[in-house]
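Undergrad: Residue strings, one per chain:
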Amino acid sequence: MKFYIPPQIPRLALAFAVFISLFLILRHFLIPETFGEYGHYRGASLIDNAKPEIHYAGQQACFKCHQDIEDKKAQDVHSDIHCETCHGPGQKHVLSSKAVDILKPSGRVFCGSCHIINAGKQKSIINQIDLDKHNVGKNCINCHNPHQPWEMKK
Amino acid sequence: MEPHYQHLYEILAHAQGYIFPNEIDLQWGILIVVYPFITGLVAGAFILASLERVFKVKILKPTYQIALLTALSFLLVATMPLISHLSQPQRAYEIMITPHSSSAMAIFGFVYLWYLAVVLLLEIWFDYRHSLVVWATEKTGIMRLVYKILTLGVNDISPRTLKWDRKLGYIITVVGIPSAFILHGYVGFIFGSLKANPWWSSPLIPIIFLFSAMVSGIALIMLVYMIVSYVRKKAIDLNVLDSIGKYLFFVLILDFTLESLDQIHRIYEAEESFEIIKLLVSGKLYLTLFVAQGLIGTIIPLVTLVFLQFYKHKIRLQKTMYFIVSILVLIGVYSMRWNVVIGGQLFSKSFSGFTSFKVGLIGLDGTLMAAFWLILPVGILAFLLWLLPPWKMVKEEDE
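For the record, the sequence lines run as chains A and B. Positions 1 to 154 (the working numbering) are the ones given, in order, by the first sequence. Positions 155 to 553 (the working numbering) are the ones given, in order, by the second sequence.
Just chain B, same shape as in the assembly:
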């Protein structure tokens, strides 16, 4: 039998009930799961950084630069899963140079450029400019040149100019918060606006994506902060963990409430698609929805975070618990992306059948590729933390 024909018969053997021919093979695989996950981490990390800045949460200061650099590292990679999914990575730039307002996907070019070039890079530049100038004078050789270039030649560090750095940085942050909301709300919109798919089509989806993005970003910063402190052999400040934990708790509650509201709405409305969705969540999505997303990613972290607000005895145990909570939350949000992206394609639009999805290991659309795009930003972050170490920044007196 010819290979492409054989493949069709292999997957047909796993289909259940009645499905349309174009639903047999999933069009969006694991890389499209990774894409909103990474974008969510960017938006979430940035929002945590903005909280510190705009609302002057002093206690979160040690995480401010870490959060900005984390957001940048992940944003640099955010488009890659999409492009490798299309199997034409060499055309990665085309989405940037030919943006268009007629399709939600093509708008990505505008959203991404705005967020990367105008918001994140500018905010980081304003924040680091003073230190860059000082580092450029301290270092020698190639590093001196690198820092010099990064200052863009603005070497003025008079109090008046530095005040403007803070002022302009503040303005960028204020502009940045709605930008971060738009960035991830946009990703949710791609799914929520697909009226043909009852599992996606919901005006709540962009908001749910936004809150789960904040959840994952905050958890990631908590994790990165702990790992960075560990690597630098510095004590982890429990007060920092406690206040990040408090934010995580509130946002997680909001996220959980919104997602429950969305589901309750579906259950109560019980539209014609409800029967198949009921089968979907109790069958193919049972493990990833109820166990991974619900229990591991939401209930256990929530209970632990409440417990940690009262339990103040063994510091080591508290830190370990925060560490585990942040990982569990990340697993939960990843599962949420999986449930949305993969779940939405598993059932037939005839509402009378299912197809199945088996993720491959190798290839441009396989697990290894997805893992690579998740690990690469960690490498970039390590490089950025080495190039722009927040702990070596020049302290400013009036802060």
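Isolated chain A, as found in the complex:
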């Protein structure tokens, strides 16, 4: 008996061949030009990612003008906290310090966003204040210099 190949098989093989060649042709044209330039991704995506507006300047930019604050901060427990953590994004201020003023937050609630009593944080790492008991009615920065918290104001 002759070896029998059902008619579906060659037709499907043809369909697959057409599909795969179409796929390969499309693939050739669809793969972004810069794909694989540096790795298994579109090289131009690095340029895309660099495009968004920069909001944060980084503390080195702050210290270029505010050397005094850098010195103060270095001496106390807030030395690891970067300027923009409290002052907010500062790129605009860096570009034009006259036109855009930096945010100067004050008030018990703002300091409390880090220093409120919080069982999730370790007391040895961050001081926690009961805002309902600790010098109620007074602003934190009346006594504490935020750049140098333990250098108490008189």
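Rather than coming from a laboratory, the hints here were simulated on the basis of the structure. Since this is a predicted model, take the numbers as computed values, not measurements. Backbone N, C-alpha and C fix where the C-beta goes; we use that ideal spot for every residue, glycine too. There's no promise every hint is true.
[What the hints assert, rightly or not] Each pair of labels, with its calculated beta carbon distance range:
| hint | chain 1 | residue 1 | chain 2 | residue 2 | range |
| --- | --- | --- | --- | --- | --- |
| 1 | B | F444 | A | I116 | 24 to 34 Å |
| 2 | B | M259 | A | G43 | 15 to 25 Å |
| 3 | B | I529 | A | H134 | 35 to 45 Å |
| 4 | A | P10 | B | L471 | 35 to 45 Å |
| 5 | B | H419 | A | H134 | 18 to 28 Å |
Keeping the supplied structure of chain A fixed, place chain B upon it in accordance with the hints.
TA: Structure of chain B alone, referenced to chain A:
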């Protein structure tokens, strides 16, 4: 205050305890909940169809084509939630044309193409080929052309060729079962392999995903079968419901056991992450885990399914109960996806705090978008049932 900065402060107000900065905003939203849900429906529906074919469960015959077409409709949409989540839907094809073996996400390109092109389409084609040839001769005009194209020009309907259709279809089904297992096991693997997240990292997760996929797929086919029969004004065969119900019951028991085992394992091991997970499940996930997934999606359906095995009096009531059970099970599995995807991102990896998640209504990552991707496959299914009506298929004598 600048908008992006204000947004940060708004969500910070909802954070509890200590969290790391990159955990404030959830990276995976509701669309990533929808993605494994839809993929699960595909795998589950296909496995039910394969049961009928491989194990020759004659009673499930009326649901066979419905299950295959349902799997296809949902598979066509399966990638969409992922792509719209990335907010670049126009790049949808890139995941297909540049698959890569180095990342679990990029492997998706291979898994998806294999499952769509090789397994599902081929199985449907072999199953429908005889009918397509006959329809192409019966119809006129554009529909004739459509069916002609769908036959791929293989018009031979001699008994010998038809026998080969069945034979080759059978082979595809046998290949398809492990493929369906891999498809959804793979989705579970994406979560289970994340060793940094104690709520996900578990070798049981792929298996749990697989069984919950089967649960949801079987429930969906039960629902679709009832709705299709209702729309066609045909009586719903209670024997069909009873046997789907039996499968649903067994798979649901297995799924429930596996999930319980996973939780018991966590409770007994009580690793360092256990305290935060305990707070998570008793707090933020209480409603979706214990009420939606546990009670509504598992316990009530299980009790009802047991009851329905004994209760054989009012047929109408039995059908209504099956209808409600299938919807409850789907809600339960959706909640399970929610608990995994959202739950895993709510607690801090410092194990000392929580962030919160509020799903938006509009936008590429909102509720409406998620609803759209869940409704679209239903539309596709309606179209496929119109194009390839299982009830008008040519009956073969020797079956």
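Undergrad: Is 18 to 28 Å right for how far apart the beta carbons of B/H419 and A/H134 are?
TA: Since B/H419 and A/H134 have Cβ atoms about 45 Å apart, the given range 18 to 28 Å is violated.
Undergrad: Is 15 to 25 Å a correct range for the gap between the Cβ atoms of B/M259 and A/G43?
TA: 19 Å, holds
Undergrad: Given the range 35 to 45 Å, decide if the beta-carbon distance of B/I529 to A/H134 lies inside it.
TA: Since the Cβ atoms of B/I529 and A/H134 sit about 55 Å apart, the hinted range of 35 to 45 Å is violated.
Undergrad: Within 24 to 34 Å: is that where the Cβ-Cβ distance between B/F444 and A/I116 falls?
TA: Once the Cβ atoms are compared, 31 Å apart, the range 24 to 34 Å for A/I116 and B/F444 holds.
Undergrad: State, for the Cβ atoms of A/P10 and B/L471, whether the hinted interval 35 to 45 Å holds or is violated.
TA: Given about 54 Å between the Cβ atoms, the range is violated.
The structure is inconsistent with the numbered hints 3, 4, 5, although it conforms to all the rest.
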